[in-house]
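> From just these sequences and the hints, can you work out the full model?
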Amino acid sequence: MNRINSVLNLNNLSNIGFGEAPYNQYTHQSSPLKNDSFECSSKKENTGLFSNPIKKCITLYSPSLFLNQYMTEKTISNAIVTNPRIKELLGSKGLNPVIYMQNLDSSKSHFIETYDKAKALANRHNLKDDDLTAALQGALLHDIGKVFIPPEILNKPSELTPDEKAVVDLHTELGAEILKTTDLSEKTIEAVRLHHTSFDDVQKAKNLPAQIVSVADSYSALKEDRPYKPKMDDVMAKQTMQKDKELNQQLVEEAF
Numbered sequence: 001m002n003r004i005n006s007v008l009n010l011n012n013l014s015n016i017g018f019g020e021a022p023y024n025q026y027t028h029q030s031s032p033l034k035n036d037s038f039e040c041s042s043k044k045e046n047t048g049l050f051s052n053p054i055k056k057c058i059t060l061y062s063p064s065l066f067l068n069q070y071m072t073e074k075t076i077s078n079a080i081v082t083n084p085r086i087k088e089l090l091g092s093k094g095l096n097p098v099i100y101m102q103n104l105d106s107s108k109s110h111f112i113e114t115y116d117k118a119k120a121l122a123n124r125h126n127l128k129d130d131d132l133t134a135a136l137q138g139a140l141l142h143d144i145g146k147v148f149i150p151p152e153i154l155n156k157p158s159e160l161t162p163d164e165k166a167v168v169d170l171h172t173e174l175g176a177e178i179l180k181t182t183d184l185s186e187k188t189i190e191a192v193r194l195h196h197t198s199f200d201d202v203q204k205a206k207n208l209p210a211q212i213v214s215v216a217d218s219y220s221a222l223k224e225d226r227p228y229k230p231k232m233d234d235v236m237a238k239q240t241m242q243k244d245k246e247l248n249q250q251l252v253e254e255a256f
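Okay, so the sequence shown: first residue is 1 according to my numbering, each after it adds one.
Don't read these hints as lab results, they were simulated from the structure.
Here the structure is a predicted model, which means the values were calculated and not measured.
Here a beta-carbon is modelled for each residue, glycine too, at the ideal position from N, C-alpha and C.
Take these hints with a grain of salt, some might be off.
For lysine-lysine, the following PhoX-like pairs were computed, each having C-alpha atoms within a straight-line distance of at most 25 Å [said to hold, decoys possible]:
id	residue 1	residue 2
1	238	165
2	108	74
3	231	245
4	229	245
5	165	245
6	156	231
7	74	187
DEER-style ranges, computed between Cβ atoms [claimed, not checked]:
id	residue 1	residue 2	range
8	236	161	25 to 33 Å
9	173	130	19 to 27 Å
10	169	99	14 to 22 Å
11	185	205	13 to 21 Å
12	153	185	25 to 33 Å
13	205	169	14 to 22 Å
14	93	73	15 to 23 Å
15	84	206	28 to 36 Å
16	120	162	32 to 40 Å
Here is the structure:
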């Protein structure tokens, strides 16, 4: 069994035959699957906080298939019906359970860039299979909760009001509640839920996958244009991340 296929739950897709090109809902075209590989060569390194022997690993995988499996309107609709906590969270901010799939469709490149950076960070550490799974799956799905955030708030070009910021901040809990209705692991769900929590938080301090997702997400977000800010170069992005108390600073150094 290919390790990355296992991590991304790709071995049980009965509706897609080997070598077929699945329809990509983000680009509206068929995209051929790449041959997946996971190559590791043992090499001990002093990693400081993570002072385990690590393996240098190279993974080749197109994450679109995984996104097409989980980030769907059917998944979101089922979560609304089966998990009453979603309506409770939205109601606490005066929102109805309206699905804005365009929020996810327009962010595909961010999800993939976050995954790529998380993969690079994870490959520097000797993660157990379940932690590797949580880091990679969490990176792809970390912002799924934004499907409920009104676009006029999410894409506002000016500074958010405190109430608007509280609505956006809700996406981590909403994302976790959506994923609770899927077959994904509790570790993956926690990586999504904690990815904007302070590094000093006890739960996050013990959760390396969540720390990896946080750094990968921040790196990708800073390096791209957003309605409220221009993209940053490496120097500015690193300086910004070094000031962010949500982030594991060792991982920040490794990201550049």
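> If a hint holds in the structure, say so; if it doesn't, say that too.
Outcome of the hint check:
no. : hint                   : in the structure
1   : 238 to 165             : holds, 24 Å
2   : 108 to 74              : holds, 18 Å
3   : 231 to 245             : holds, 21 Å
4   : 229 to 245             : holds, 20 Å
5   : 165 to 245             : holds, 18 Å
6   : 156 to 231             : holds, 16 Å
7   : 74 to 187              : holds, 23 Å
8   : 236 to 161: 25 to 33 Å : holds, 26 Å
9   : 173 to 130: 19 to 27 Å : holds, 22 Å
10  : 169 to 99: 14 to 22 Å  : holds, 19 Å
11  : 185 to 205: 13 to 21 Å : holds, 20 Å
12  : 153 to 185: 25 to 33 Å : holds, 31 Å
13  : 205 to 169: 14 to 22 Å : holds, 20 Å
14  : 93 to 73: 15 to 23 Å   : holds, 22 Å
15  : 84 to 206: 28 to 36 Å  : holds, 29 Å
16  : 120 to 162: 32 to 40 Å : holds, 35 Å
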